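Asker: So the protein sequences, as listed, match chains A and B.
For the first sequence, my numbering assigns the number 1 to the initial residue and increments by one for each residue that follows.
For the second sequence, my numbering assigns the number 314 to the initial residue and increments by one for each residue that follows.
If you are wondering where the hints come from, they were derived from the structure by calculation, not from laboratory data.
Source: prediction; values computed, not measured.
Treat the hints loosely; a few may be bogus.
[To be verified] 20 Å max Cα-Cα, derived EDC-like pairs, lysine to aspartate or glutamate:
#1 B:K493 with A:E25
#2 A:K52 with A:E79
#3 A:K85 with B:E333
#4 B:K471 with A:D292
#5 B:K484 with A:E30
#6 B:K493 with A:D59
#7 B:K471 with A:E222
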Amino acid sequence: MSETFKQDENCEKVRGQFALLLYGELSFNEEELVESHLDGCAGCRGALQSQKALHDALDGVAVTPSPALLSRCREDLTELLRHEKPAQPSWWRQMTGSWNVQFLRPMTAVALLAVGFFAAKVTPGLNFPGAVHSMGLGDFGGAQVRRVATEPDGRLRIVVDETRERTISGSREDRQIRELLMAAAKEGADPGLRAQTVTILMGDADVSDVREALAFAMANDENTNVRLKAMEGLEQYTNDPVVQNALAHVLLNDPNSGMRTRVIEALDERDGQELNRQMVGALQELMSREDDQDVRERAGRMLHSIKASAGTY
Amino acid sequence: MDETELIRAAQRGDPAAFEELVRTYDQSVLRLALSMLRSPEDARDVYQETFLRVYRNLNHFRFDCSFHTWLYRIATNLCLDQLRKRKVRKEEPVIVTTAEGTLDRADTAAETRVEGDPLRSLFSGQIRKRVKDALGELTPRERMVFELRHYEGMRLRKIGEVLGTTEEAAKNCLFRATQKMRSALGEMYERNIQAR
Numbered sequence: 001m002s003e004t005f006k007q008d009e010n011c012e013k014v015r016g017q018f019a020l021l022l023y024g025e026l027s028f029n030e031e032e033l034v035e036s037h038l039d040g041c042a043g044c045r046g047a048l049q050s051q052k053a054l055h056d057a058l059d060g061v062a063v064t065p066s067p068a069l070l071s072r073c074r075e076d077l078t079e080l081l082r083h084e085k086p087a088q089p090s091w092w093r094q095m096t097g098s099w100n101v102q103f104l105r106p107m108t109a110v111a112l113l114a115v116g117f118f119a120a121k122v123t124p125g126l127n128f129p130g131a132v133h134s135m136g137l138g139d140f141g142g143a144q145v146r147r148v149a150t151e152p153d154g155r156l157r158i159v160v161d162e163t164r165e166r167t168i169s170g171s172r173e174d175r176q177i178r179e180l181l182m183a184a185a186k187e188g189a190d191p192g193l194r195a196q197t198v199t200i201l202m203g204d205a206d207v208s209d210v211r212e213a214l215a216f217a218m219a220n221d222e223n224t225n226v227r228l229k230a231m232e233g234l235e236q237y238t239n240d241p242v243v244q245n246a247l248a249h250v251l252l253n254d255p256n257s258g259m260r261t262r263v264i265e266a267l268d269e270r271d272g273q274e275l276n277r278q279m280v281g282a283l284q285e286l287m288s289r290e291d292d293q294d295v296r297e298r299a300g301r302m303l304h305s306i307k308a309s310a311g312t313y
Numbered sequence: 314m315d316e317t318e319l320i321r322a323a324q325r326g327d328p329a330a331f332e333e334l335v336r337t338y339d340q341s342v343l344r345l346a347l348s349m350l351r352s353p354e355d356a357r358d359v360y361q362e363t364f365l366r367v368y369r370n371l372n373h374f375r376f377d378c379s380f381h382t383w384l385y386r387i388a389t390n391l392c393l394d395q396l397r398k399r400k401v402r403k404e405e406p407v408i409v410t411t412a413e414g415t416l417d418r419a420d421t422a423a424e425t426r427v428e429g430d431p432l433r434s435l436f437s438g439q440i441r442k443r444v445k446d447a448l449g450e451l452t453p454r455e456r457m458v459f460e461l462r463h464y465e466g467m468r469l470r471k472i473g474e475v476l477g478t479t480e481e482a483a484k485n486c487l488f489r490a491t492q493k494m495r496s497a498l499g500e501m502y503e504r505n506i507q508a509r
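Chain A extracted, bound-state conformation (with noise of 0.2 Å):
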């Protein structure tokens, strides 16, 4: 009797794994202890053939688009193209008009150096360490930074390529400091520099101009893990139209769902603050296009609690 339940059990849970061994989706272990059982177990063998039966029976419900709807199809879709912008620019350039930076940044670089140049000829005297104060991003034309040290007593050593590598050293609070770090939080040409500059901002993200570096970089940057530290940096900022900004840009551009999420933790932490239409605008919009259904839940859940509409209108 026992032996007989034993074979039941057995036929039962060899059974529940035909479909799969049909699709071939068996590690070889469990495929082999299936074929092990059927051969010796008739019953699970003309269950496999009626269940095999049935999966040839459904390949017969396959369709085939007709030729016509695919010619339609295609036909609509250049018709939508043609009323559609060219593909989105970046927030940076939506923030910036028709002002296009990657264009002018090299035409840039060419006229600081040659700035540089003049003015070095005419100004020697000025190019002195205890000049480092007055230095601006510009007087770095054409600069890169390469490499970010933070020294035992706390002060920053940052490593510029220009014509000839040069090492500028300060506090994190020196005004010149702070925008090659921005500089570098924007441009740095390696995400691990990125990463490093965008986590020594987010202490100095209460400064106007570092939050729209963070922002910048948190809308930006193609590095998932520096973007992230950019909207760390930020979570306390959600008030800033700046930073509000940026958020609504990640919401419904950023192709990882665990950034679009971060941004609605973010807005459910504010502190009693109001979120601003941009951003209730925002979230309705990913409401209709939002492919994560959790972070579509998420988007929905602040709606409500806020009283607003899951649709625009």
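Put chain B on the given structure of chain A with help from the hints.
Answerer: Below, chain B without anything else, positioned relative to chain A:
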């Protein structure tokens, strides 16, 4: 031009590159939508919306996954949303346009296999409605996993990536779907096999 170059060109705004990307994948997207929604109009909407979203968001595609996975993620979510809406509205279109014209999808089940076999022909006639009902009984997710595995031939690992879940969860979903299909239809096949 390989696919990566095509995507980069499309990201730079090259319309010919974007069109080539569309042509590479649009037939399979339309087939999936038609298969899932069984309505040419709804499938057409999903097709447009999928490629419109791809167009609008291509600049944000950073090659974290394959383009195919990304595209299918968009298409499957749109299909799932459509199915969920239908569940609420209790609508279930079954009319499809095929190469041969407009057909009720369930009517096409196993038809090609039954010629000259009266028993199987009778059996096929019985199963039409049952297949339709059984597919309608699956949850949208079960239906999607089933469609992707059975009709698109996608491996469970890839299905997991597309649906933003694990291979194991996709496997469980497929298991549930096939169990339901089997409970709804299996008995007929067992009878048919015993009769032969």
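Asker: Just pull the numbers of the violated hints for me, sorted ascending.
Answerer: Violated hints (numbers, rising): 2, 7; every other hint is consistent with the structure.
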